[in-house]
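Q: Sequence:
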Amino acid sequence: MIPKVYLSLLTFLLFLTGCGEAHNQPSPKGGNETQDMLDAAEAGDLDAIKKLIDNGVSVNGLGDDQSTALHFAAQEGHVDVAKLLIEKGADINAKDDIDQTPVDRARFWKQEKIIALLESSSIHEAAKEGNLNTVIQQLNTGVDVNHPNESGDTPLTYAAFMGHLEIVDLLIDKGAKVSAKGLGGWTPLHLATQRGHKKISQLLIEKGAEINATTDEGFGGTPLDVAKGDLVDLIKQNGGKTFAEINK
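One gets this note's numbering by counting positions in the sequence shown from 1 and adding 143 to each.
One should not assume that every hint holds.
[Unchecked claim] Here are the simulated lysine to any residue pairs, SDA-like style, with alpha carbons at most 25 angstroms apart:
{"hint": "1", "residue 1": "K317", "residue 2": "T277"}
{"hint": "2", "residue 1": "K371", "residue 2": "E309"}
{"hint": "3", "residue 1": "K271", "residue 2": "D234"}
{"hint": "4", "residue 1": "K226", "residue 2": "Q280"}
{"hint": "5", "residue 1": "K379", "residue 2": "L308"}
{"hint": "6", "residue 1": "K256", "residue 2": "E309"}
{"hint": "7", "residue 1": "K391", "residue 2": "G328"}
[To be verified] Across the chosen pairs, the derived CB separations fall in these ranges:
{"hint": "8", "residue 1": "T284", "residue 2": "A259", "range": "15 to 23 angstroms"}
{"hint": "9", "residue 1": "D197", "residue 2": "Q345", "range": "39 to 47 angstroms"}
{"hint": "10", "residue 1": "L205", "residue 2": "K371", "range": "46 to 54 angstroms"}
{"hint": "11", "residue 1": "L308", "residue 2": "W252", "range": "49 to 57 angstroms"}
{"hint": "12", "residue 1": "Q380", "residue 2": "S201", "range": "49 to 57 angstroms"}
{"hint": "13", "residue 1": "K194", "residue 2": "D316", "range": "31 to 39 angstroms"}
{"hint": "14", "residue 1": "V375", "residue 2": "K256", "range": "30 to 38 angstroms"}
{"hint": "15", "residue 1": "D242", "residue 2": "F362", "range": "27 to 35 angstroms"}
{"hint": "16", "residue 1": "D287", "residue 2": "S201", "range": "15 to 23 angstroms"}
{"hint": "17", "residue 1": "K341", "residue 2": "K238", "range": "34 to 42 angstroms"}
{"hint": "18", "residue 1": "Q380", "residue 2": "E255", "range": "48 to 56 angstroms"}
{"hint": "19", "residue 1": "T284", "residue 2": "E388", "range": "23 to 31 angstroms"}
{"hint": "20", "residue 1": "Q209", "residue 2": "K341", "range": "40 to 48 angstroms"}
Treat the hints as calculated values from the structure; they're not laboratory data. The model shown is predicted, which means the values in this text are computed figures rather than measured ones. For glycine and all other residues, C-beta sits at the position ideal for the given N, C-alpha and C.
Based on the sequences and whatever the hints tell you, model everything.
A: This is the structure in structure tokens:
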């Protein structure tokens, strides 16, 4: 017969062992914080998401199908949740296991408000609109600074075209290709000179922009061909030639 004291001790040890195992295993509901985040996003539970974020839970945690919380918020049309996730660094370019981004998911489910939000939060749109904070936020999520959009243009293309010097400088500092060709073969320097943005043109040249880059046939020629005002002299002073001069 086993003494009662040993039985009590054995029961106590088994209890401790059981507790330890239970603590290390995610419970079916609420034990997995990433899953809690995904569930809250799908349900549109803004308060729950705020608490999870305050507790250090990543907004970019992945589900079994590689979906993020933003994927679920997008498909369900939870605009406030999506805004919060984006503000906290959610990757709007994250892809699930079938290569869908949150905006792809929103389009599939016809969530128009979410589509508008995500498109306005893209680094391309932010660069075009001069939204420096959003550009910084997107860069901090690891977005490819040279990623071309549907028309083949990079964020630098838009910033140069619209005259946003600070954003141009930042994008170049983060590795943007200064002579990347977009729609029609236009480079950032073509666009900056054509729009009369002298400081941006000077910066692009200083950073190594190809001074005699040519567009696709019939789309303008070299930066000198499209330059306006005193930018003509700037381009010439740095070795710029017209398309005709290059090909004579």
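Q: Keeping to a limit of 25 angstroms between CA atoms, is the pair of K256 and E309 held or broken?
A: violated (30 angstroms)
Q: Given a hint of 34 to 42 angstroms, does the C-beta separation of K341 and K238 actually sit inside it?
A: holds (40 angstroms)
Q: Given the range 49 to 57 angstroms, decide if the beta-carbon distance of L308 to W252 lies inside it.
A: violated (39 angstroms)
Q: Do the beta carbons of L205 and K371 sit within 46 to 54 angstroms of each other?
A: holds (49 angstroms)
Q: Does the Cβ distance between Q380 and S201 fall inside 49 to 57 angstroms?
A: holds (51 angstroms)
Q: Just tell me: holds or violated, for the beta carbon distance of T284 and E388 against 23 to 31 angstroms?
A: violated (44 angstroms)
Q: Quick check on a hinted range of 15 to 23 angstroms for D287 and S201, using CB atoms only.
A: holds (20 angstroms)
Q: Given the hint that K371 pairs with E309, test it: the Cα-Cα distance must not exceed 25 angstroms.
A: Judged against 25 angstroms, a Cα distance of about 22 angstroms means the pair holds.
Q: Is the distance from the Cβ of D242 to the Cβ of F362 consistent with 27 to 35 angstroms?
A: holds (31 angstroms)
Q: Check the hint pairing K271 with D234 against an upper bound of 25 angstroms on the C-alpha distance.
A: holds (19 angstroms)
Q: Honestly, do D197 and Q345 meet the 39 to 47 angstroms range at C-beta?
A: holds (46 angstroms)
Q: Is it true that the C-beta distance of Q209 to K341 lies inside 40 to 48 angstroms, as the hint says?
A: holds (46 angstroms)
The structure fails to meet hints 6, 11, 14 and 19 from the earlier list, while all remaining hints are met.
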